[in-house]
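Enquirer: Spelled out from the first residue to the last, the chains are:
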Amino acid sequence: MIRLFHVTKKYGRGIIALSDINLAIEKGEFVFLTGASGAGKTTLLRLLFRDEIPTSGQVMVNQQSLATLPAGRIPYLRRQMGVVFQDFKLLPRKTVFENIQYATQVVGLSPREQRARTFEALEMLGLSHRLHNYPEQVSGGEQQRMAIARALVNRPLILLADEPTGNLDPDLALEIMGLFKDINAHGTTVIIATHDREMIRRMGRRVISLDHGRLVPGPVH
Amino acid sequence: MARLSIVRHCVREARDGLWRNPGLSLLAAVSIGVSLYVVGLFGVLAFNLHRFVEALGRETQVQIYLRDDAVPGQVETLRRELRTDPAVAAIRFVSRDDAAERFRRTFPAIRDLPGDLGDTPFPASFELELHESARDVPSLERLAATYRGAPGVEDVRYDPGWVQRLGALVALVRRGGYALGMLLAFAALVTVATVVRLTVLARGEEIEVMKLVGATAGFIRGPFLLAAAVQGLIGGLLAIGALVLTHRLLENSDLYRANPFLSIAAGSFLPPLAGAALALSGAVLGLVGALLSLRRAAVN
Numbered sequence: 001m002i003r004l005f006h007v008t009k010k011y012g013r014g015i016i017a018l019s020d021i022n023l024a025i026e027k028g029e030f031v032f033l034t035g036a037s038g039a040g041k042t043t044l045l046r047l048l049f050r051d052e053i054p055t056s057g058q059v060m061v062n063q064q065s066l067a068t069l070p071a072g073r074i075p076y077l078r079r080q081m082g083v084v085f086q087d088f089k090l091l092p093r094k095t096v097f098e099n100i101q102y103a104t105q106v107v108g109l110s111p112r113e114q115r116a117r118t119f120e121a122l123e124m125l126g127l128s129h130r131l132h133n134y135p136e137q138v139s140g141g142e143q144q145r146m147a148i149a150r151a152l153v154n155r156p157l158i159l160l161a162d163e164p165t166g167n168l169d170p171d172l173a174l175e176i177m178g179l180f181k182d183i184n185a186h187g188t189t190v191i192i193a194t195h196d197r198e199m200i201r202r203m204g205r206r207v208i209s210l211d212h213g214r215l216v217p218g219p220v221h
Numbered sequence: 001m002a003r004l005s006i007v008r009h010c011v012r013e014a015r016d017g018l019w020r021n022p023g024l025s026l027l028a029a030v031s032i033g034v035s036l037y038v039v040g041l042f043g044v045l046a047f048n049l050h051r052f053v054e055a056l057g058r059e060t061q062v063q064i065y066l067r068d069d070a071v072p073g074q075v076e077t078l079r080r081e082l083r084t085d086p087a088v089a090a091i092r093f094v095s096r097d098d099a100a101e102r103f104r105r106t107f108p109a110i111r112d113l114p115g116d117l118g119d120t121p122f123p124a125s126f127e128l129e130l131h132e133s134a135r136d137v138p139s140l141e142r143l144a145a146t147y148r149g150a151p152g153v154e155d156v157r158y159d160p161g162w163v164q165r166l167g168a169l170v171a172l173v174r175r176g177g178y179a180l181g182m183l184l185a186f187a188a189l190v191t192v193a194t195v196v197r198l199t200v201l202a203r204g205e206e207i208e209v210m211k212l213v214g215a216t217a218g219f220i221r222g223p224f225l226l227a228a229a230v231q232g233l234i235g236g237l238l239a240i241g242a243l244v245l246t247h248r249l250l251e252n253s254d255l256y257r258a259n260p261f262l263s264i265a266a267g268s269f270l271p272p273l274a275g276a277a278l279a280l281s282g283a284v285l286g287l288v289g290a291l292l293s294l295r296r297a298a299v300n
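In order, the protein sequence lines correspond to chains A and B.
The first sequence maps to residues 1 to 221 in the working numbering.
The second sequence maps to residues 1 to 300 in the working numbering.
Everything labelled a hint here was simulated from the structure, so no lab data went into it.
Note that the structure is a prediction, hence the values are computed from the model and not measured.
Treat the hints with care, as some may be off.
No more than 20 angstroms apart at the CA atoms, straight line, and that leaves these computed lysine to any residue pairs for SDA-like [as the list claims (entries may be wrong)]:
1) K211/B / D169/A
2) K27/A / G204/A
3) K211/B / Q86/A
4) K27/A / L179/A
5) K94/A / P260/B
6) K211/B / I6/B
7) K211/B / E198/A
8) K211/B / K10/A
9) K94/A / K211/B
10) K181/A / D169/A
11) K89/A / R8/B
12) K94/A / R20/B
13) K27/A / Y76/A
14) K181/A / E198/A
15) K94/A / N21/B
16) K89/A / I207/B
17) K181/A / E29/A
18) K211/B / G187/A
19) K89/A / L131/A
20) K211/B / A14/B
21) K211/B / T42/A
22) K10/A / Q63/A
23) K211/B / E52/A
24) K211/B / D87/A
25) K94/A / S128/A
26) K89/A / E206/B
27) K94/A / I207/B
28) K211/B / P86/B
29) K94/A / E205/B
30) K211/B / S128/A
31) K211/B / G222/B
32) K94/A / R142/B
33) K94/A / R12/B
Calculated from the model, a selection of chain B residues having no Cβ within reach of chain A, i.e. all distances over 12 angstroms [stated by the list, open to error]:
34) S5
35) I6
36) R8
37) V34
38) E76
39) D112
40) D136
Ideal placement from N, C-alpha and C gives every residue a C-beta, glycine not left out.
Okay, chain A solo, but in the shape it has when bound (with noise of 0.2 angstroms):
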């Protein structure tokens, strides 16, 4: 499903964020993606979803080249990707009900559909009591939980996570993990961009580290 080919990523001022790196991830995988900060988690996670085009080497996600993908069929892309950014990436003037639906109205899904999904979402992730709630209005755990929320609302056929257990406790990151793994059993490709090993450790799913952008060699890769 998805393909590295020598991927190398430098920014300017000759910083390199990813250097040569070939590898494959297939359909329905789960798989963990470690290493300390600035090992390149972020850089990789943003090349699969297009918001970063390699500077060498190719992407490949469902058989299609990131690198020549038109611009306007990168939308498309991206609907087939729940992402979870380490940041959030809530909008700060629209209840929590309305940064999921968000996502929904920008597929094009019927008003109902929109409605329906959000509310599944939102009771799967445990914030049904805060529908009309603004971000600001929430916790860290649960703006986190919204940003789950939004990235699983369209059924993504691939979930990348960037840090998505960050601010939680550790028995609601287990069971965050634990909604991933469920996700994952009904087909989902799930990618999490997490440096938290005591997580890695107990999930027992395949891992893919780097370090200083580079792939640390071994048998899980």
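With chain A held as given, fit chain B onto it using these hints.
Expert: Below, chain B without anything else, positioned relative to chain A:
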């Protein structure tokens, strides 16, 4: 269903966008309104002058002055000939008394002059209205040559030049109005583009989220375009309103009654279709300004 949902989104977001920054929205609308108001003023002037010139052009193009000693038989023969002339659309006989009366009406300040001179100095004449096809100089020359030697005719006069010159003046007024209007429209365009740019910058975070969750460029741009078109339409309506008000005030002013030129230059308001086009051009200006701004802001 998806399209309807997008339309609903555009309408709601455009409405929210307009209310969120009412000051900026009003600035954009007023700047468009001012430019269209100036275009409209020149439009009214050019429209009235054009109508005046056209009316003049339709009226007398040739005068055939009769000798004072022309006998009624000669006048009747001439009238018959003129009626059957294919170049002549209409004829009007102006007697010497009619001519004197017309003088008194046109120049009220010196209305007694003809009487002071004794016998009326104005000759009787036929005023000819010509068909459109016979208004060119060669046709006029032929007509003059034909009737100049006719019995009872003193002189034949025509001057197409002044009608053409007046027509050129109207064209100049119109072009001047357009040029100034375009200049102001450009300024309005820059204002609208800046307002849209500011709005885009203020909503940068939201736009980024929209892009990341898979919104198409149309979905993102739609509300901005709609809001700008509405601002432009409001500007256009403001311009029309201000023009109507200006015209009414002018019509009821002493200046207007005392100055016949004003009744020629601003006697009528723009036809409804032109007024609607002016208001709609505001919406187009708003749209173009927003499109320019969104291209630069790269919200695709």
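Enquirer: Now tell me if each hint is right for this structure.
Expert: Each hint tested on the structure:
Restraint check for K211/B and D169/A: not satisfied, since their Cα atoms lie roughly 30 angstroms apart, outside the 20 angstroms limit. For the proposed pair K27/A and G204/A, the alpha carbon gap of about 18 angstroms is at most 20 angstroms, so the pair holds. Proposed proximity of K211/B and Q86/A is supported: the alpha carbons are some 17 angstroms apart, at most 20 angstroms. Between K27/A and L179/A the alpha-carbon distance is near 18 angstroms, which keeps this suggested pair within the 20 angstroms criterion.
Of the pairs offered as hints, the one joining K94/A and P260/B is violated, with about 62 angstroms between alpha carbons and a cut-off of 20 angstroms exceeded. For a cut-off of 20 angstroms, the pair hint linking K211/B to I6/B stands: about 15 angstroms separates their Cα positions. A distance of roughly 34 angstroms separates the Cα atoms of K211/B and E198/A; the hinted pair therefore is violated under the 20 angstroms criterion. Taken as a hint, the K211/B and K10/A pair is broken in the structure, with Cα atoms around 23 angstroms apart against an allowance of 20 angstroms.
A threshold of 20 angstroms between alpha carbons decides the hint, and for K94/A with K211/B the separation of about 17 angstroms falls inside it, so the pair holds. For the suggested pair K181/A and D169/A, the alpha carbons sit about 18 angstroms apart, so the restraint of at most 20 angstroms is met. Annotation: proposed proximity of K89/A to R8/B is violated, straight-line Cα distance about 24 angstroms (limit 20 angstroms). In summary, the hint linking K94/A to R20/B is supported, as the alpha carbons are separated by about 13 angstroms, within the 20 angstroms threshold.
Distance restraint check for K27/A and Y76/A: the Cα-Cα separation of roughly 18 angstroms lies within the 20 angstroms cut-off, and the hinted pair is therefore satisfied. In summary, the hint linking K181/A to E198/A is supported, as the alpha carbons are separated by about 16 angstroms, within the 20 angstroms threshold. Annotation: proposed proximity of K94/A to N21/B holds, straight-line Cα distance about 17 angstroms (limit 20 angstroms). Proximity of K89/A to I207/B is assessed by CA-CA distance (about 11 angstroms); at most 20 angstroms being required, the pair is judged to hold.
Proposed proximity of K181/A and E29/A is supported: the alpha carbons are some 10 angstroms apart, at most 20 angstroms. The hinted pair formed by K211/B and G187/A fails the criterion: a straight-line CA distance of about 25 angstroms is larger than 20 angstroms. The suggested pairing of K89/A with L131/A holds, with an alpha-carbon distance near 18 angstroms, which does not exceed 20 angstroms. As the CA atoms of K211/B and A14/B are separated by approximately 18 angstroms, the hinted pair is consistent with the 20 angstroms bound.
For the suggested pair K211/B and T42/A, the alpha carbons sit about 18 angstroms apart, so the restraint of at most 20 angstroms is met. Only pairs whose Cα atoms come within 20 angstroms are accepted, and K10/A paired with Q63/A is rejected, the gap being roughly 24 angstroms. Our distance criterion of 20 angstroms between C-alpha atoms is met by K211/B and E52/A, whose separation comes to about 13 angstroms. Distance check on the hinted pair: K211/B and D87/A sit about 16 angstroms apart at the alpha-carbon level, within 20 angstroms; holds.
Distance hint between K94/A and S128/A is fulfilled; the C-alpha atoms sit about 16 angstroms from each other, no more than 20 angstroms. Between the alpha carbons of K89/A and E206/B the distance comes to roughly 8 angstroms, so the proposed pair stays at or under 20 angstroms and holds. This hinted pair checks out: K94/A and I207/B have alpha carbons roughly 13 angstroms apart, not beyond 20 angstroms. Taken as a hint, the K211/B and P86/B pair is broken in the structure, with Cα atoms around 73 angstroms apart against an allowance of 20 angstroms.
A C-alpha spacing of about 12 angstroms is found between K94/A and E205/B, which places the hinted pair at or below 20 angstroms, so the restraint holds. Between K211/B and S128/A the CA atoms are separated by roughly 26 angstroms; this puts the pair beyond 20 angstroms, and the hint is violated. Restraint check for K211/B and G222/B: satisfied, since their Cα atoms lie roughly 14 angstroms apart, inside the 20 angstroms limit. Using a Cα cut-off of 20 angstroms, the hinted pair K94/A and R142/B is violated, with the two alpha carbons roughly 81 angstroms apart.
Only pairs whose Cα atoms come within 20 angstroms are accepted, and K94/A paired with R12/B is accepted, the gap being roughly 13 angstroms. Residue placement check: S5/B does not keep its beta carbon more than 12 angstroms from all beta carbons of chain A (closest about 6 angstroms). The beta carbon of I6/B sits about 6 angstroms from the closest Cβ of chain A, which is not more than 12 angstroms, so the claim that it is off the interface is violated. Consistency note on R8/B: stated as away from chain A, yet its beta-carbon is not over 12 angstroms from all of that chain's, at 8 angstroms minimum.
Chain A leaves V34/B outside its interface by the beta-carbon criterion, the shortest separation being 32 angstroms against a cut-off of 12 angstroms. Once the 12 angstroms rule is applied to beta carbons, E76/B is consistent with being away from chain A; the minimum gap is 82 angstroms. The Cβ of D112/B sits about 80 angstroms from the closest Cβ of chain A, beyond the 12 angstroms cut-off, so the non-interface label holds. For D136/B, the shortest C-beta to C-beta distance to chain A comes to about 58 angstroms, beyond the 12 angstroms cut-off, and the non-interface label holds.
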